[in-house]
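> Residue strings, one per chain:
2 protein chains.
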Amino acid sequence: MTTVLIVDDEPQILRALQINLHAHGYTVVPSPNGKAALLAAQTHAIDVVVLDLGLPDMDGLEVIAGLRGWTDVPIIVLSARHGSHDKVEALDAGADDYVTKPFGLDELLARLRAASRRAGTNTAEPLVETAEFTVDLANKRVTRAGEPVRMTPTEWSVLELLVRNPGRLVSQQQILTEVWGPAYAKEAHYLRVYMAQLRRKLERDPANPVHLLTEAGMGYRFAQ
Amino acid sequence: MTTVLIVDDEPQILRALQINLHAHGYTVVPSPNGKAALLAAQTHAIDVVVLDLGLPDMDGLEVIAGLRGWTDVPIIVLSARHGSHDKVEALDAGADDYVTKPFGLDELLARLRAASRRAGTNTAEPLVETAEFTVDLANKRVTRAGEPVRMTPTEWSVLELLVRNPGRLVSQQQILTEVWGPAYAKEAHYLRVYMAQLRRKLERDPANPVHLLTEAGMGYRFAQ
DNA sequence: CGCCGTTTTTACGCCTTCTTAACGCGTCCC
DNA sequence: GGGACGCGTTAAGAAGGCGTAAAAACGGCG
Chain A
1 MTTVLIVDDE
11 PQILRALQIN
21 LHAHGYTVVP
31 SPNGKAALLA
41 AQTHAIDVVV
51 LDLGLPDMDG
61 LEVIAGLRGW
71 TDVPIIVLSA
81 RHGSHDKVEA
91 LDAGADDYVT
101 KPFGLDELLA
111 RLRAASRRAG
121 TNTAEPLVET
131 AEFTVDLANK
141 RVTRAGEPVR
151 MTPTEWSVLE
161 LLVRNPGRLV
171 SQQQILTEVW
181 GPAYAKEAHY
191 LRVYMAQLRR
201 KLERDPANPV
211 HLLTEAGMGY
221 RFAQ
Chain B
1 MTTVLIVDDE
11 PQILRALQIN
21 LHAHGYTVVP
31 SPNGKAALLA
41 AQTHAIDVVV
51 LDLGLPDMDG
61 LEVIAGLRGW
71 TDVPIIVLSA
81 RHGSHDKVEA
91 LDAGADDYVT
101 KPFGLDELLA
111 RLRAASRRAG
121 TNTAEPLVET
131 AEFTVDLANK
141 RVTRAGEPVR
151 MTPTEWSVLE
161 LLVRNPGRLV
171 SQQQILTEVW
181 GPAYAKEAHY
191 LRVYMAQLRR
201 KLERDPANPV
211 HLLTEAGMGY
221 RFAQ
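Residue numbers (full-length UniProt numbering), protein chains in the order written: chain A, 1 to 224; chain B, 1 to 224.
Honestly, the hints are just simulated from the structure, not real lab data. Fair warning: there could be bad hints in the mix.
Here are the computed distance ranges between Cβ atoms for each label pair [claimed, not checked]:
1) A/Y184 x B/H22: 52 to 62 Å
2) A/H22 x B/H22: 23 to 33 Å
3) B/Y190 x A/L161: 22 to 32 Å
Using 25 Å as the maximum straight-line C-alpha spacing, the simulated SDA-like pairs for lysine to any residue come out as follows [claimed, not checked]:
4) B/K186 x A/S157
5) B/K186 x A/N139
6) B/K101 x A/H82
7) A/K201 x B/V210
8) A/K101 x A/T3
9) B/K186 x A/W180
10) A/K35 x B/Q174
11) B/K186 x A/A183
12) A/K101 x A/P11
13) B/K186 x A/H82
14) A/K101 x B/D92
15) A/K201 x B/P209
16) B/K101 x A/A80
17) A/K101 x B/R81
18) B/K186 x A/T154
19) B/K186 x A/T2
20) A/K101 x B/V88
21) A/K186 x A/T154
22) A/K201 x B/R81
23) B/K186 x A/R150
24) B/K140 x B/R81
25) A/K201 x B/S171
26) A/K35 x A/R81
27) B/K101 x B/I46
28) B/K101 x A/W180
29) B/K101 x A/D86
30) B/K101 x A/N208
31) A/K35 x B/Q173
32) B/K186 x A/E160
33) B/K101 x A/A93
34) A/K101 x B/G94
35) A/K101 x B/G104
No experiment lies behind these values; they were computed from the predicted model shown. Where is the CB? At the ideal position from N, CA and C, for every residue including glycine.
Sequences are here, hints too, so could you generate the full structure?
In structure tokens form, the structure reads like this:
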């Protein structure tokens, strides 16, 4: 019952891997680009990632960095480049293994087994901590003074987006489109309601927030 | 300070690796053959093993097996053979990585870093206990107050998925796709029925669950 | 062919969450 | 100085999610 996230922009390769891995008992989550991959990694319980470096939308190293920001899931990189420099870069970015194309299916399967074997049960905890509260991104859990704080789906989506961009300004439009969808890009209204709720749950003095900051006219910012 | 056990029968390679790795901050334990390697692994606190497969006294796979009998230390295999079959054999015997000669020193260093990085977190637990019940994942058994509790296949699948992710929020979509299949991702209905059944069997007060928790709109969570 | 355990439907009442509205405060610009 | 605008806060109705029980459909096995 191992779930593999496969990231490759070539549909026929994606499809071939999907069929073959499924035939070998893996659950496969396919993803054609980097953005979808990062999203899928959050919505599914991924055990291993198979990542092709040549993606259309973003650099493969960015995908590795995006994953490594919050999870220790094994990453097996596929690449057509044999250069030693590329391998070093990928491995140092956080990849666990590097396979050069063309490769045999049996080799990939063996490396998958090796990766998932040593991963075992994923218990590493990627935590984002502040003086006031702690956000566990992998487990979708928020604690404050040791006590768990319950978040509604929308509250969590907003908080997660901010926490995944610590210190960075996130525009209202971006939050609205990512949480509510592109059609809601103008409903800045919702944001005020939810920021107030988040502050009431997480800030010591909700009227004078320290971690969930408003940048008037610009957006919001999470400060650690 | 990472200690690397290097096993290679060619003195000049052994020596070259020893010098280079030492220059990069590693403590090196050299070993010219398999027997000496197995001995050294027991007398030194080894963090990573670099193993050449072509040894004079014993098969490289035997060395891997000899190490895997008692330790999970990462093993990086060096080999001149490019054949896919050899890779599969070594990886399945318990190796973590496979590098074909000739290789660049920087690649080996990167793979060393990757191996020792992930070495920190692993170990599996087949028995999950709570104050109320015990789940034996390996034997698919649930006991409560010493008495075995009978589970239907579907009940077990749901329980297993939750218990394998202790403390982690599991979305209902994920449970549905993994237990019933992707076509049932929207049938959140089933889940309510089965969560109720699991609680009736496992919780002291099914109406106020302590271990099988609902996160409204988000999913379910198993709390130990 | 009929029984029995399991899964899937169905129905209903309760509760959480989302959405919307209203109002007060502060700030910026004219 | 005044108006417009953006923001924070609260409250309440609407909509949908959840728990529960029980009946119907299914499937394996004798």
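> Has the given pair, A/K35 with B/Q173, been kept, meaning a C-alpha gap of at most 25 Å?
holds, 20 Å
> Under the criterion that the straight-line Cα-Cα distance not exceed 25 Å, is the pair B/K186, A/H82 satisfied?
violated, 44 Å
> Taking the beta carbons of A/H22 and B/H22, is their distance inside 23 to 33 Å?
With a Cβ separation near 46 Å, A/H22 and B/H22 fall outside 23 to 33 Å, so the hint is violated.
> Would you check the hint for B/K186 and A/T2, treating anything up to 25 Å between C-alpha atoms as holding?
holds, 22 Å
> CA of B/K101 to CA of A/N208, is that 25 Å or under?
violated, 61 Å
> Regarding the pair A/K101 and A/P11, is the alpha-carbon distance no greater than 25 Å?
Holds. A/K101 to A/P11 sits at ~16 Å (cutoff 25 Å).
> Under the criterion that the straight-line Cα-Cα distance not exceed 25 Å, is the pair A/K101, B/G94 satisfied?
Roughly 23 Å separates the two Cα atoms, so the pair holds.
> CA of A/K201 to CA of B/R81, is that 25 Å or under?
Not satisfied, since the Cα-Cα distance of roughly 60 Å exceeds 25 Å.
> Decide if the proposed pair is consistent with the structure: B/K186 and A/N139, CA atoms, cutoff 25 Å inclusive.
Holds: B/K186 and A/N139 sit about 22 Å apart, inside 25 Å.
> Check whether the Cα positions of B/K101 and A/D86 lie no farther apart than 25 Å.
Holds, at roughly 17 Å.
> Take a quick look at whether B/K101 and A/W180 sit within 25 Å of each other, Cα to Cα.
Not OK: B/K101 and A/W180 at ~52 Å, beyond 25 Å, violated.
> Holds or violated: are the alpha carbons of A/K101 and B/R81 at most 25 Å from each other?
Holds, because 17 Å separates the two Cα atoms, which is no more than 25 Å.
Of the numbered hints listed earlier, those contradicted by the structure are 2, 13, 22, 24, 28 and 30.
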